[in-house]
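Heads up: the sequence lines are chains A and B, in that order.
Last residue of the first sequence: 510 (the numbering used here), numbering continuous.
Last residue of the second sequence: 395 (the numbering used here), numbering continuous.
Because the hints were derived from the structure by calculation, they are not lab data.
Here are the simulated distance ranges between beta carbons:
1. B:Ala303 - A:Ala71: 38 to 44 Å
2. B:Ser383 - A:Arg291: 54 to 60 Å
3. A:Thr67 - B:Ile301: 28 to 34 Å
4. A:Leu113 - B:Gln295: 33 to 39 Å
5. B:Ala320 - A:Gly58: 18 to 24 Å
6. A:Leu113 - B:Cys308: 34 to 40 Å
7. A:Gln21 - B:Asn334: 48 to 54 Å
8. B:Ile302 - A:Leu41: 38 to 44 Å
9. B:Gln295 - A:Arg98: 36 to 42 Å
10. B:Ala320 - A:Lys101: 26 to 32 Å
11. B:Ile301 - A:Leu41: 38 to 44 Å
12. A:Gly58 - B:Ser383: 30 to 36 Å
When the alpha-carbon atoms are kept at most 30 Å apart in a straight line, the in silico DSSO-like pairs for lysine-lysine are as follows:
13. B:Lys387 - B:Lys349
14. A:Lys448 - A:Lys330
15. A:Lys136 - A:Lys76
16. A:Lys421 - A:Lys330
17. A:Lys6 - A:Lys135
18. A:Lys447 - A:Lys433
19. A:Lys94 - B:Lys353
20. A:Lys55 - B:Lys348
21. B:Lys281 - B:Lys353
22. B:Lys348 - B:Lys281
23. A:Lys55 - B:Lys349
24. B:Lys387 - A:Lys94
25. A:Lys207 - A:Lys447
26. A:Lys55 - B:Lys387
27. A:Lys421 - A:Lys433
28. A:Lys76 - A:Lys135
29. B:Lys353 - A:Lys55
30. A:Lys365 - A:Lys207
31. A:Lys55 - A:Lys76
32. A:Lys94 - B:Lys348
33. A:Lys55 - B:Lys347
34. B:Lys349 - A:Lys94
Beta carbons: idealized from backbone N, C-alpha and C, even for Gly.
For reference, the chains in residue letters:
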Amino acid sequence: MLAKVESLAFAGIDGYLVQIEVDLGGGIPSFEIVGLPDLAVREARDRVRAAIKNSGLEFYFHRITVNLAPANIKKEGSGFDLPIALGVLAAKGDVRDEKIGDSVFIGELALDGSVRPVAGMLVMALAARDAGKKYLVLPAANLNEVLVVTGIEPIPVENLHQACEFLNGNWVPQLFDANSFGGQVAAALELDEDLADVRGQEQAKRALEVAAAGGHNIMMAGPPGSGKTMLARRLPGILPTLCLEEAIEITKIYSVGGLLAPGNSLIQKRPFRAPHHTTSAAGLIGGGRIPRPGEVSLAHHGVLFLDELPEFPREVLEVLRQPLEDGKVTIARAASTLSFPAHFMLAASMNPCPCGFLNDPYKACSCSPVQIQRYQSRISGPLMDRFDIQIEVPRLQEYEYDSVQRGESSYEIRQRVEKARLRQRARFAGKSYYCNAQMSSKDIKKYCELDPAGRDLLRQAVQRFSLSARAYYRILKVARTIADLDESATIEIPHLAEAIQYRSLKEN
Amino acid sequence: MQKNTSKRKFGNQGERIAVDYLQQNGYQIIACNYRCPFGEIDIIGQQAGVWCFIEVKTRHTNNYGYGYDAINASKKKHLIKATLHFLTSRSLNDVAIRFDVVSIDYQSQQSYQIKLIQNAFSG
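If we strip away everything but chain B, and leave its shape as in the complex, we get (with noise of 0.2 Å):
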């Protein structure tokens, strides 16, 4: 269980508002927080026959830069690993992938900067 329940809440906040922001850019969610032991993937979605695998990062504020920085390389094994276990769970052989973040930034309470970085990384 989360302790924090305030961040937690945050970010839940901050995947509903990504999950709307794809869904009018043409994605077709599939799944939201994926679980598996080797981490979990906020939103899996479908655009145009791709695979999309999605990390959502939101932020307060910027003093500690944006939330698409915050993507490093653990998280990046983390996303790779999961995303392999997803597709071996469904059977996916040889289909088209690709990792995706949304960074959500807060300028003050209301209103924040959504940013969609298509194919983000690779392995």
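Just chain A, same shape as in the assembly (with noise of 0.2 Å):
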């Protein structure tokens, strides 16, 4: 009386098969589980047995012995009731088991039988998948996620006694079509939150512009009040639109952090994500015994944007570099080691001092040098170099909040910025990355060729500056967006200086 029952798990955002033994022997009723269970894993029994009782079968005198294999990885999670339940069943011989070869099982299971979703259901489905399976039986509460995986057939069920109806073949599910899926992710982006909305800041939108297009870092500094945060909220409306791949690999994430909402299939908008400036480092890159994607991973191909910057301690951005430069991390823990994708652009703003207003036309600042100087160097050189652009956002005039004139629409950027990319995509073909911020110093020498002029106002700047090598390089890479906006093959001087404008904020 053995019957063997595959179910799902995931560490880090990859799912993998888990074989689940039920034995049923003689001798003391006892119900254990081994295999490395964490308590909610063992606590099935319970749920287990009064699950069965209560779906009107039986469940009585055995001795039960589950055993979940891979034995050496540690198994959380309660997503293997409904596995552990249909087992006994099959080893009882109450459900067939042709079907069970088949099939892989995941679902909570509530005292009354009834199947409750859980967590991390899209990126167990594509493992699935990919182990060749046929059928997923999974919590009906979960089907929206799995749509858009194609080759596997979602059998989705509200209870314990469906899933037994159907590996009898007494119920046949409906199929769902996951091809209608795909198509949502282009056509659904009603924006809550346009660019035109915000008054004035012509240059400011113009950075974001340039920095969208390349998938540029950016700092604004500025006075409080100023439209800071506004203007970095309507970042990710004038991103790209997602494609299916991007839009599957954040879902993912989210899936993982058990951060969908119900009945969402599929992240289409890019993510916003804004920290407080409380955040522990494990909060902001991940962490926990077993390691969950943090702020970066959640923020991956969309926007990181931390707010008040200097507020955040300094170890705290120092994690930072690493996804920066990676566009993944790496969490190290004693339970595991796992790698989040941490593909972001990262959008900071911060006040020019304490009290906001040095350099204010109109408002005298309070601020003593001393501490004007302690609150900059709070942000160390290293991690203000990787902000390719930085500006200052001006306070506003008056006149030019009172102005009815409704500024572009984020639309209307977007459009431009898809263009600057798409000539991105089609000279990086073939490459890992896809946008100019991403170019390694060798492809910046290919691509970035300066005519002499070019190259004599970059030294000037350098000189003038006093910049350092990684500064010069990402002005160069700016200064190829730039060209792309302009749909030029070739970096020209005004390309050259706007982008060595955007490097000159600590010169004010």
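Two chains, two separate frames, one set of hints: put the complex together.
Rendered as structure tokens:
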């Protein structure tokens, strides 16, 4: 009386199959789960017992041993309830086992036998598909999450009884068309926050457009209330619309974090994450005994916005360096070492000084030079260097916010951004990256040729502002993006001049 | 030897009621009051091929809870050990086993309520 059922688990953002072996034997009745179960998995025995009983089936007088393989990986969560229950029933002969080999099962059981949703459904569905399984028996509440996965048939079940009926061939669920969901990505993108809502600040909007076009990190400095946060919130809206692969990648991260809203199948908007400045380093890059994605991963393919950057503790900011360079974070904990993708645009805002009115033409700054110096030095040079675009967002004049004239809408700007991104994709075809901000220094030499006048200008700028080598290359990247927006094959003097101007924040 | 014979008598009376009741319910009684160094099993029976180890609890009144409330962790431990002793002595390996409880609760001198709980606990 042995039954084998397959289930799913995930580590990081990758799912894997878990074999569940159920043996019914004689002797003192007991119910043991082995194979490194955590507490939630071990408690499955009580849920399984009650769920089977309350589904109108018999459950008793056996010595039940459940083994979860691979036995060396710690199993966590409540998703094994359903497969364990079905394994017990299959071993007893209460359900037919023809379909069991082709299927994977996942779901948490309530005591009355109904099936509750679990986290990480999308990544697990992808793993089941890749393992060549035919049916995925999952909680009905998770159905929307897996509809984007083609090549496996989802069998949504409301309760244990339904799952038994499916295995016994008494119930044929309706088919779900996976492809109908692919089209949703391009179609649905309604913006509740439009750049046209922001009055004035034309220079800042231009800088945002350049940042979006090349995937550059952007830093905005300005007095309180000048609209830095408002501008940043509108950044995802001018980024190119997500393609299906990107959408699935983002959804995978949210899926394993258990952050998908119920009924949400696919994340279609670029994420905008604005963690508070009291966030810990682990909260930012991810962590926990069994590592969970942090803010940088939740901002994957989107924008990570750090408001009031100098308020963040220095050690928290320094952990951003690895994800900024590599586009992923690797978190090592005693239980496991995991990698999460973290490919995001970093946007940040700061005041020029603690009171916020340094360099303000109308209001006097009340800070002492020491205070200003201390405030600005909270951001290390290496981190500041990583902002390709650094701009000032000045306070608006009265006549500017009275003006009724609406600026360009996010949609119009996005059209230009998408065009510039297309040029970049064509240029970087076959490479591992796709936008200017990610160019390697070798490729910068290849794609960012300057004419003699341009070289001369850049040399002057480096001397005048004593720029680092990294800053030098970053100016070239930004210049390349501006040229792309201008649909120019070569970097001209105006492009370069604009790029240099985006580096001069500290000098003002 | 049991000190309080009136309590003993009362218990035996309950066990007789239980045996009758179980036989009516299709149990084949194998042994009563199986004693071993680990404890005592009130009734050992078989029903539909399953070995049943039955604990009988008889109560005068419900002032201190019902009979079946009296099966606690240490009682279970004794029962399991005694069961293993029984199985080993008879070389019964890999047989289906069940622990049942029969609870007899007197409402008055004559009338009582009898309740059979199958598969009451597991090891």
